[in-house]
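A.B. asks: Protein sequence lines correspond, in order, to chains A and B.
Start counting the first sequence at 1; every next residue gets the next number (the numbering used here).
Start counting the second sequence at 1; every next residue gets the next number (the numbering used here).
FYI, nobody ran anything at the bench for these hints, they're computed from the structure.
A few of these clues could be false.
Stated by the list, open to error - Here are the simulated DSS-like pairs of lysine-lysine, each with C-alpha atoms no more than 30 Å apart in a straight line:
hint : chain 1 : residue 1 : chain 2 : residue 2
1    : A       : LYS184    : B       : LYS191
2    : A       : LYS188    : B       : LYS296
3    : A       : LYS183    : B       : LYS191
What the hints assert, rightly or not - Sample of chain B residues lacking proximity to chain A, with all beta carbon distances greater than 10 Å (derived):
hint : residue
4    : LEU130
5    : TYR265
6    : VAL309
Bear in mind that the values here come from a model prediction, so they are computed numbers and not experimental data.
Yeah, the Cβ is synthetic: ideal placement off N, Cα and C, and Gly gets one too.
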Amino acid sequence: MRTTLTWQVFVWLGLLAWLGGCSSAVDSGYNSSLDSIDLQAMTNQMAVSIMASPAVQAEIKANGPLRVVCEPVENRMTGEILPQGQAQAYTAQVRALLSEHNPDQFMWIMNRDEFYALRQSELAGVPLGPSPDAVNPQYALTARFDSLTQENSDVRSSFYLCVYRLTDLDQRRVLWSGSYRVKKVAVKGFLD
Amino acid sequence: MSCRVSRLLLASVVLAGLALCGCQNSAERQGQDAVTAYYEGDFEQARTLLEPLARQTNGDFVLNNNRLGSTDLVLYRLDDAQSAFLRSYEVLNSVGVNDGGRSLGAVLLSENIKVWKGEPWERALVNFYLGLTYYMQHDYGNARAAFENALFKLRDYDPDDTDKYTDKDSNFALGYLMLAKSWQRLGEADKAQAQFDRVRQLRPDLASLADADMNREANLLLVVDWGQGPQLATSFDGSVVGFVPPPYRAGPIYLPRVLVDDQDYDMDDFARAPVDTLALAQDRKWQSIDTIRAVKSAVGSGLLVGGAVMGMSDRRQNQEIGLGLFAAGLLLKATSQADTRQWEMVPRTIYVLPLHVSPGLHNVTVEFAGDYRQTWIGLPAPATGDDTYYIHAGPWYEGTQHWPPAALHQQSAGTASGQ
Numbered sequence: 001m002r003t004t005l006t007w008q009v010f011v012w013l014g015l016l017a018w019l020g021g022c023s024s025a026v027d028s029g030y031n032s033s034l035d036s037i038d039l040q041a042m043t044n045q046m047a048v049s050i051m052a053s054p055a056v057q058a059e060i061k062a063n064g065p066l067r068v069v070c071e072p073v074e075n076r077m078t079g080e081i082l083p084q085g086q087a088q089a090y091t092a093q094v095r096a097l098l099s100e101h102n103p104d105q106f107m108w109i110m111n112r113d114e115f116y117a118l119r120q121s122e123l124a125g126v127p128l129g130p131s132p133d134a135v136n137p138q139y140a141l142t143a144r145f146d147s148l149t150q151e152n153s154d155v156r157s158s159f160y161l162c163v164y165r166l167t168d169l170d171q172r173r174v175l176w177s178g179s180y181r182v183k184k185v186a187v188k189g190f191l192d
Numbered sequence: 001m002s003c004r005v006s007r008l009l010l011a012s013v014v015l016a017g018l019a020l021c022g023c024q025n026s027a028e029r030q031g032q033d034a035v036t037a038y039y040e041g042d043f044e045q046a047r048t049l050l051e052p053l054a055r056q057t058n059g060d061f062v063l064n065n066n067r068l069g070s071t072d073l074v075l076y077r078l079d080d081a082q083s084a085f086l087r088s089y090e091v092l093n094s095v096g097v098n099d100g101g102r103s104l105g106a107v108l109l110s111e112n113i114k115v116w117k118g119e120p121w122e123r124a125l126v127n128f129y130l131g132l133t134y135y136m137q138h139d140y141g142n143a144r145a146a147f148e149n150a151l152f153k154l155r156d157y158d159p160d161d162t163d164k165y166t167d168k169d170s171n172f173a174l175g176y177l178m179l180a181k182s183w184q185r186l187g188e189a190d191k192a193q194a195q196f197d198r199v200r201q202l203r204p205d206l207a208s209l210a211d212a213d214m215n216r217e218a219n220l221l222l223v224v225d226w227g228q229g230p231q232l233a234t235s236f237d238g239s240v241v242g243f244v245p246p247p248y249r250a251g252p253i254y255l256p257r258v259l260v261d262d263q264d265y266d267m268d269d270f271a272r273a274p275v276d277t278l279a280l281a282q283d284r285k286w287q288s289i290d291t292i293r294a295v296k297s298a299v300g301s302g303l304l305v306g307g308a309v310m311g312m313s314d315r316r317q318n319q320e321i322g323l324g325l326f327a328a329g330l331l332l333k334a335t336s337q338a339d340t341r342q343w344e345m346v347p348r349t350i351y352v353l354p355l356h357v358s359p360g361l362h363n364v365t366v367e368f369a370g371d372y373r374q375t376w377i378g379l380p381a382p383a384t385g386d387d388t389y390y391i392h393a394g395p396w397y398e399g400t401q402h403w404p405p406a407a408l409h410q411q412s413a414g415t416a417s418g419q
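Please put together the full structure from these sequences, using the hints given.
C.D. replies: And the structure:
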């Protein structure tokens, strides 16, 4: 009786393992890269920090809405790829938050690459307005991501430093700067 | 035969059947057909077969995306190759992708159930090719990151075995070389020099190839795949795997000859193979599952022998016990088969050939000891920076090609017209 039960457990375990083996390869893993939670936390923090900056508020009070061009993130992370879409998303999300909550304080100017990409994707004959060369932004919202990454047979760990800057393009003056730091660890296990 | 033995046999047959059949046989066959098409030079057909497979997030997800990436690279579908390698990169950088049912299945039933991630050197090559797609498109920041990650992947070898790690490191000077070139294009001369120095330290024979000035002045970079990479082979009972052939059996690596506008380009100093994948593959990373499989196989063999001996007894009870042992042994042997999946498109070596030519269009021919002659008509060489061209040398791809390749031409036309 006991032997039969043992074998039944074994067979059911085998069947479960077989069925479990058909699960997705992309759903169960995790890694030490920046993710959507970081994107949200980081961009919220930056948007709040920009608005709370006395220098930014003084500039808006003195000269009206800031004309800002938004640049993609410069990837200086060790061993971490930042695809073009994500590189744009990390600054575009700050732009979106500021546009949503403070529409009167910023005028967003499309950067040159975006402009020409959009123009290429439009049908011929549809005007897109003046070229970026004709509408000069006064400030640039830029970001640079650095990381210290280590990997061995047991673990991969990354410490990220993501620095955002709002720079006066005429005077090369950094009007505002903010940073986001996070450490991530992925511990390797069986079959990793 | 008693009821108990019948059940034991039935359970053995069911489990052995599950272990041997797996759950994606038709997909595996399609993948193999794609590999065959690739080696017959029918890259479009290979792509057609691989494209739907690469979308399936099953255990072959990384493998099929690697295959698709290799195929798209030959076809100069650079965006598609990049996407395919990036999908692999994301899974390779993740941990725990085999947690739960897959781990249990790999231990109990068949190792093929696990999500294939390849050997550390295969993971390094995925990152190398991903970096190459970025480098070819002048995205040097991401190219640098990918080459760095390629070097990280070799650290999956036993860190306590420093000899082995150093050996892998020196066999993958290719990664350091491309990392140096990426830093150079990013304008970080010091960091580039540090990596060039590392190449020279690891491989003194590559000193000329790792010359910073030569690389800075080069404006036409050829990256040339040559030869057949390592092949997985199993032991007689399929429980132990290794890569063959060893480099000394495979023969020498042929050196390329390059003609620019029908004139020999002097590459005597720097035309050296910066990697030999056969050498890289000689040391497999031994994992826990290898031990489990080896133990299962050994115990299974013991049970088979023991069962056979007991089965020859005159007593009926002993015969039944013998049959039970035999069935258990059969089950263990059937479920101790090694995972034989591999990325079949890996070449023997990858040449990096930085050429300095006058700005403009050039006809470039690459050949190996008079074979695999491939001519590209009208390759542009810029006045500043470098343009990179990937050449896949082989008997199936000889002849004359016109720049730009069809896929690249369509991609440019599609972007321009808004499609």
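A.B. asks: Would you mind marking each hint as holding or not holding in the structure?
C.D. replies: Hint-by-hint comparison with the structure:
{"no.": "1", "hint": "A:LYS184 x B:LYS191", "verdict": "holds, 25 Å"}
{"no.": "2", "hint": "A:LYS188 x B:LYS296", "verdict": "holds, 24 Å"}
{"no.": "3", "hint": "A:LYS183 x B:LYS191", "verdict": "holds, 25 Å"}
{"no.": "4", "hint": "LEU130", "verdict": "violated, 7 Å"}
{"no.": "5", "hint": "TYR265", "verdict": "holds, 33 Å"}
{"no.": "6", "hint": "VAL309", "verdict": "holds, 21 Å"}
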